[in-house]
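Protein chains: 2
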Amino acid sequence: MAIQKFTDFELIDVITSGDAEEIAALDVVELEGWVKTNRDNGSIGFVEFNDGTYFKNIQLVYDNNCKSHDIIVKAGTGCAIRVVGKVKLTPGAKQPFEIVVDECEIEGEVAEDYPLQKKRHSFEFLREIAHVRPRANTFQAVYRVRSVLSMAIHEFFNQRGFVYVHTPLITTNDGEGAGNVFDVTTHDTKDPFEFYGRKVNLTVTGQLHVEPFALAFRNVYTFGPAFRAEHSNTVRHASEFWMIEPEMAFCDLNGNMQIIEDCVKFCINYVIASCPEEMKFFNTMIDNTLMDRLTHVLNSEFKRMDYTDGIKILQEAVKNGHKFENNNIEWGMDLQSEHEKYLTEEVVKGPLFLINYPKEIKAFYMRVNDDNKTVAACDLLVPGVGELVGGSQREERYEILKQKMEALGNAEELSWYLDTRRFGGCRHSGFGIGFDRLIMYVTGVGNIRDTQPYPRTSGSIKY
Amino acid sequence: MAIQKFTDFELIDVITSGDAEEIAALDVVELEGWVKTNRDNGSIGFVEFNDGTYFKNIQLVYDNNCKSHDIIVKAGTGCAIRVVGKVKLTPGAKQPFEIVVDECEIEGEVAEDYPLQKKRHSFEFLREIAHVRPRANTFQAVYRVRSVLSMAIHEFFNQRGFVYVHTPLITTNDGEGAGNVFDVTTHDTKDPFEFYGRKVNLTVTGQLHVEPFALAFRNVYTFGPAFRAEHSNTVRHASEFWMIEPEMAFCDLNGNMQIIEDCVKFCINYVIASCPEEMKFFNTMIDNTLMDRLTHVLNSEFKRMDYTDGIKILQEAVKNGHKFENNNIEWGMDLQSEHEKYLTEEVVKGPLFLINYPKEIKAFYMRVNDDNKTVAACDLLVPGVGELVGGSQREERYEILKQKMEALGNAEELSWYLDTRRFGGCRHSGFGIGFDRLIMYVTGVGNIRDTQPYPRTSGSIKY
Numbered sequence: 000m001a002i003q004k005f006t007d008f009e010l011i012d013v014i015t016s017g018d019a020e021e022i023a024a025l026d027v028v029e030l031e032g033w034v035k036t037n038r039d040n041g042s043i044g045f046v047e048f049n050d051g052t053y054f055k056n057i058q059l060v061y062d063n064n065c066k067s068h069d070i071i072v073k074a075g076t077g078c079a080i081r082v083v084g085k086v087k088l089t090p091g092a093k094q095p096f097e098i099v100v101d102e103c104e105i106e107g108e109v110a111e112d113y114p115l116q117k118k119r120h121s122f123e124f125l126r127e128i129a130h131v132r133p134r135a136n137t138f139q140a141v142y143r144v145r146s147v148l149s150m151a152i153h154e155f156f157n158q159r160g161f162v163y164v165h166t167p168l169i170t171t172n173d174g175e176g177a178g179n180v181f182d183v184t185t186h187d188t189k190d191p192f193e194f195y196g197r198k199v200n201l202t203v204t205g206q207l208h209v210e211p212f213a214l215a216f217r218n219v220y221t222f223g224p225a226f227r228a229e230h231s232n233t234v235r236h237a238s239e240f241w242m243i244e245p246e247m248a249f250c251d252l253n254g255n256m257q258i259i260e261d262c263v264k265f266c267i268n269y270v271i272a273s274c275p276e277e278m279k280f281f282n283t284m285i286d287n288t289l290m291d292r293l294t295h296v297l298n299s300e301f302k303r304m305d306y307t308d309g310i311k312i313l314q315e316a317v318k319n320g321h322k323f324e325n326n327n328i329e330w331g332m333d334l335q336s337e338h339e340k341y342l343t344e345e346v347v348k349g350p351l352f353l354i355n356y357p358k359e360i361k362a363f364y365m366r367v368n369d370d371n372k373t374v375a376a377c378d379l380l381v382p383g384v385g386e387l388v389g390g391s392q393r394e395e396r397y398e399i400l401k402q403k404m405e406a407l408g409n410a411e412e413l414s415w416y417l418d419t420r421r422f423g424g425c426r427h428s429g430f431g432i433g434f435d436r437l438i439m440y441v442t443g444v445g446n447i448r449d450t451q452p453y454p455r456t457s458g459s460i461k462y
Numbered sequence: 000m001a002i003q004k005f006t007d008f009e010l011i012d013v014i015t016s017g018d019a020e021e022i023a024a025l026d027v028v029e030l031e032g033w034v035k036t037n038r039d040n041g042s043i044g045f046v047e048f049n050d051g052t053y054f055k056n057i058q059l060v061y062d063n064n065c066k067s068h069d070i071i072v073k074a075g076t077g078c079a080i081r082v083v084g085k086v087k088l089t090p091g092a093k094q095p096f097e098i099v100v101d102e103c104e105i106e107g108e109v110a111e112d113y114p115l116q117k118k119r120h121s122f123e124f125l126r127e128i129a130h131v132r133p134r135a136n137t138f139q140a141v142y143r144v145r146s147v148l149s150m151a152i153h154e155f156f157n158q159r160g161f162v163y164v165h166t167p168l169i170t171t172n173d174g175e176g177a178g179n180v181f182d183v184t185t186h187d188t189k190d191p192f193e194f195y196g197r198k199v200n201l202t203v204t205g206q207l208h209v210e211p212f213a214l215a216f217r218n219v220y221t222f223g224p225a226f227r228a229e230h231s232n233t234v235r236h237a238s239e240f241w242m243i244e245p246e247m248a249f250c251d252l253n254g255n256m257q258i259i260e261d262c263v264k265f266c267i268n269y270v271i272a273s274c275p276e277e278m279k280f281f282n283t284m285i286d287n288t289l290m291d292r293l294t295h296v297l298n299s300e301f302k303r304m305d306y307t308d309g310i311k312i313l314q315e316a317v318k319n320g321h322k323f324e325n326n327n328i329e330w331g332m333d334l335q336s337e338h339e340k341y342l343t344e345e346v347v348k349g350p351l352f353l354i355n356y357p358k359e360i361k362a363f364y365m366r367v368n369d370d371n372k373t374v375a376a377c378d379l380l381v382p383g384v385g386e387l388v389g390g391s392q393r394e395e396r397y398e399i400l401k402q403k404m405e406a407l408g409n410a411e412e413l414s415w416y417l418d419t420r421r422f423g424g425c426r427h428s429g430f431g432i433g434f435d436r437l438i439m440y441v442t443g444v445g446n447i448r449d450t451q452p453y454p455r456t457s458g459s460i461k462y
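Chains A and B, in that order, are what the protein sequence lines are. For the first sequence, numbering that gives the first Met the number 0 assigns the number 0 to the initial residue and increments by one for each residue that follows. For the second sequence, numbering that gives the first Met the number 0 assigns the number 0 to the initial residue and increments by one for each residue that follows.
Hints are supplied without guarantee of correctness; some may be wrong.
Stated by the list, open to error - Okay, derived cross-link-like pairs now, DSS-like style, lysine-lysine, Cα gap no bigger than 25 Å in a straight line:
no. : chain 1 : residue 1 : chain 2 : residue 2
1   : B       : K85       : B       : K73
2   : A       : K461      : B       : K401
3   : A       : K318      : A       : K348
4   : B       : K55       : B       : K4
5   : A       : K311      : A       : K348
6   : B       : K93       : B       : K279
7   : B       : K198      : A       : K198
8   : A       : K461      : B       : K403
9   : B       : K117      : B       : K198
10  : B       : K117      : B       : K73
11  : B       : K322      : B       : K340
12  : B       : K348      : B       : K372
13  : A       : K461      : B       : K279
14  : B       : K93       : B       : K35
15  : A       : K264      : A       : K302
16  : B       : K35       : B       : K198
17  : A       : K403      : B       : K461
18  : B       : K461      : A       : K198
19  : B       : K461      : A       : K401
20  : B       : K279      : B       : K264
21  : A       : K87       : A       : K73
Please keep in mind that the hints were generated in silico from the structure rather than gathered at the bench.
Extracted from the complex, chain A is given alone in its bound form (with noise of 0.2 Å):
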């Protein structure tokens, strides 16, 4: 029988698959992949295997009938090889199979100070090798949630039609105004005017250049990186980030809050379903409430109140002895991440969309309501996180948008922003999900440096 070549997801996905006919005609396979551990008893050896392919590794068996003993005995954790043997089916074992391995080959030794060890290692310490965490377990989980949930964002936006718009990065504008962007220059001239004719930053958010591509395709949205030059030490803020940002033309708060919804529980289901071995992984290794908060939510029709309603239970909340560490509740405050987890983690037990907020803590953009000092402005929070996703439905009147702009001193400067509102402009609303955030969220991670392959972070950067 001619050798079948697999990965192991191939492998794995046959013996799983049931199908009786297939599984009885795996004989010889050939496999290529890393060794994770290899003991030897003498007698009998066992290797477990993985190719990247698939989360769990696979256990190859060899002992002295093995063509290669002298090899394979000696190719250490991280060593990479090629094998070829028999599948032997062990029903009843931990692991559905085992490779009875007849021949081994070294692709590639690895040297003494290769640094991932069997023994657990810190976070800490794997931040230090960031070209080589993505092999231990924890980042080979996180990476591939990473990549998953990344579909599943695009495949949710497809599915309904939204259009996805690449907004550029280099850019004159810095969005809301918040400040703290990185200039770009050209290479040793330090001189942020010469090869644009203008001074250029690095985008904080897409929204202000996706917007006018809603009033052409009605839904769409951007998924790619932004930028705060922020110095925040924080376990939650990162220089470099990707972000999501939907924008749809006819559409108003309401629309807007069941999109999140639909989307927020989308991409649960998305990876609960593609990643059941990594999920299980984070459930026992990082977070033993992930599971149960994330089917809470799925399960949880969301909650809306308003930012009016929330100050007063907070005030309430004080008045009966409860301890923040900002007892000063007052409306118009913008609201620290204690006041948000306990809305949503005491109060209503669930997600929760806080809406209307003061309009002078929230951006330009933001539509002015009836009572002209609220905007109608949605933040997701969620228990273990409190804030998910922030949204709003934009400010569609040019003359109050304009008014707004010309006090912030925008006006001039996103003239073309402007315009949008006198070209057959129509009521809109878009929301942005921080993408590390969400993996966070989903993972149970709890530092962003563990969510990005190569983190960017103040006073940082190896690679």
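Following the hints, complete the assembly by docking chain B onto the known chain A.
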């Protein structure tokens, strides 16, 4: 009967579904979108209407029975409207149905200086109004294809188990050392060292960063922005563009070429199947050889030719009287576009992999062949364009790579990259596709500035 709300796409989908029951159930519908044109001959009026969810317009008809006759008659080009009307099937007519308008509401007026009129505008003019051009026919088609082609890329790699990796954009290395990078500084300090403690620039390629992931997941890809501060003012150069960079462990040059061929064919098929109206438009309005060219590629087996043989053929052509701009054909030269086009268009008359280039003209990470003169590179050349994809098998041998990098002076800076050759490295290959150029190729659009939402080219930045 209740009013049914539809997007254009949803309504057309029902009518072209052939489902007699669903079609018969259509009665009074509500649509929201924009007026493309509006002409009224006194007794009857016609609006070409589009909400951006489908390429072709829907025809609205109104007469004096329309409750909102005074309103709709004044709705000019670009105006956002909401209409309620009755679906009237028109079998045999140019359009399979029209909407007889009963009510109309203006959602957004259009100012007198609205720059898109019924007449045809030049690409140069439209480039000056990047925030409005998505509503022009050509750009409705281009940006839709851009979105669909992005999804094609993700589906192709996801179906094959590739892990999507977000490689960083802010980095300390300049990839192939080709120079002309953009520096990144914190605002106003103009200090590229300040934020990260090291000089940083915008990435020119994700390849070096993604290779370590191939050694963890076997098959991986990036799809994200890259930057070159080149002052080249050509139709094919932009300073910000999107790149697709797959990397496969245990894959040699032949395997690499197979995946490139599969990927290119998959993308073409996907776009033709998903965007029939847009492709018809391009073939009629932009390039009437387009569909023939693409179909020819789909039906071709991609040929493979050694660079050395290519040089001989070009020398022979010159000897036989063929005139190139550069007639000085010598082994070791970097081929110009005219030479590449000659080989793919005149010699093999189809897609061609030119392989095994002189090592001096290719990047340091490409695998040196046994002749010690060439590297295992493959450039895919296609008729009409020239180079579409560039790839290679990577140098996996530590000592050889180290020597090349030491000669280049980046061995210390990129010690982490060299590590991958000591830590269970293996033969591996990868390639790069310039996404914006791929769009030019599948749409026939001749200028990269017309494929990007907000093009970034030297000396030009308005948004």
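Do the hints match the structure? See the list:
Taken as a hint, the K85 (chain B) and K73 (chain B) pair is honoured in the structure, with Cα atoms around 21 Å apart against an allowance of 25 Å. Between K461 (chain A) and K401 (chain B) the alpha-carbon distance is near 19 Å, which keeps this suggested pair within the 25 Å criterion. In summary, the hint linking K318 (chain A) to K348 (chain A) is supported, as the alpha carbons are separated by about 21 Å, within the 25 Å threshold. With a CA separation close to 19 Å, the supplied pair K55 (chain B) and K4 (chain B) stays within the 25 Å bound.
With a C-alpha separation of about 17 Å, the suggested pair K311 (chain A) and K348 (chain A) falls inside the 25 Å cut-off, and the hint holds. Annotation: proposed proximity of K93 (chain B) to K279 (chain B) holds, straight-line Cα distance about 16 Å (limit 25 Å). A C-alpha spacing of about 20 Å is found between K198 (chain B) and K198 (chain A), which places the hinted pair at or below 25 Å, so the restraint holds. This hinted pair checks out: K461 (chain A) and K403 (chain B) have alpha carbons roughly 22 Å apart, not beyond 25 Å.
Between K117 (chain B) and K198 (chain B), the direct Cα distance comes to roughly 51 Å. Violation of the 25 Å bound is thereby established for this hinted pair. The suggested pairing of K117 (chain B) with K73 (chain B) holds, with an alpha-carbon distance near 16 Å, which does not exceed 25 Å. Restraint check for K322 (chain B) and K340 (chain B): the C-alpha separation of about 13 Å stays at or below 25 Å, so the hint holds. As the CA atoms of K348 (chain B) and K372 (chain B) are separated by approximately 28 Å, the hinted pair breaks the 25 Å bound.
Between K461 (chain A) and K279 (chain B) the alpha-carbon distance is near 49 Å, which puts this suggested pair outside the 25 Å criterion. For a cut-off of 25 Å, the pair hint linking K93 (chain B) to K35 (chain B) stands: about 17 Å separates their Cα positions. A hinted pair counts as satisfied when its Cα atoms are at most 25 Å apart, and K264 (chain A) with K302 (chain A) qualifies at roughly 14 Å. Restraint check: the Cα-Cα separation between K35 (chain B) and K198 (chain B) comes to about 50 Å, which exceeds 25 Å; the hinted pair is violated.
Distance check on the hinted pair: K403 (chain A) and K461 (chain B) sit about 22 Å apart at the alpha-carbon level, within 25 Å; holds. Between K461 (chain B) and K198 (chain A) the alpha-carbon distance is near 11 Å, which keeps this suggested pair within the 25 Å criterion. Restraint check for K461 (chain B) and K401 (chain A): the C-alpha separation of about 19 Å stays at or below 25 Å, so the hint holds. A C-alpha spacing of about 19 Å is found between K279 (chain B) and K264 (chain B), which places the hinted pair at or below 25 Å, so the restraint holds.
Of the supplied pair hints, the one linking K87 (chain A) and K73 (chain A) holds, its CA atoms being roughly 23 Å apart against a limit of 25 Å.
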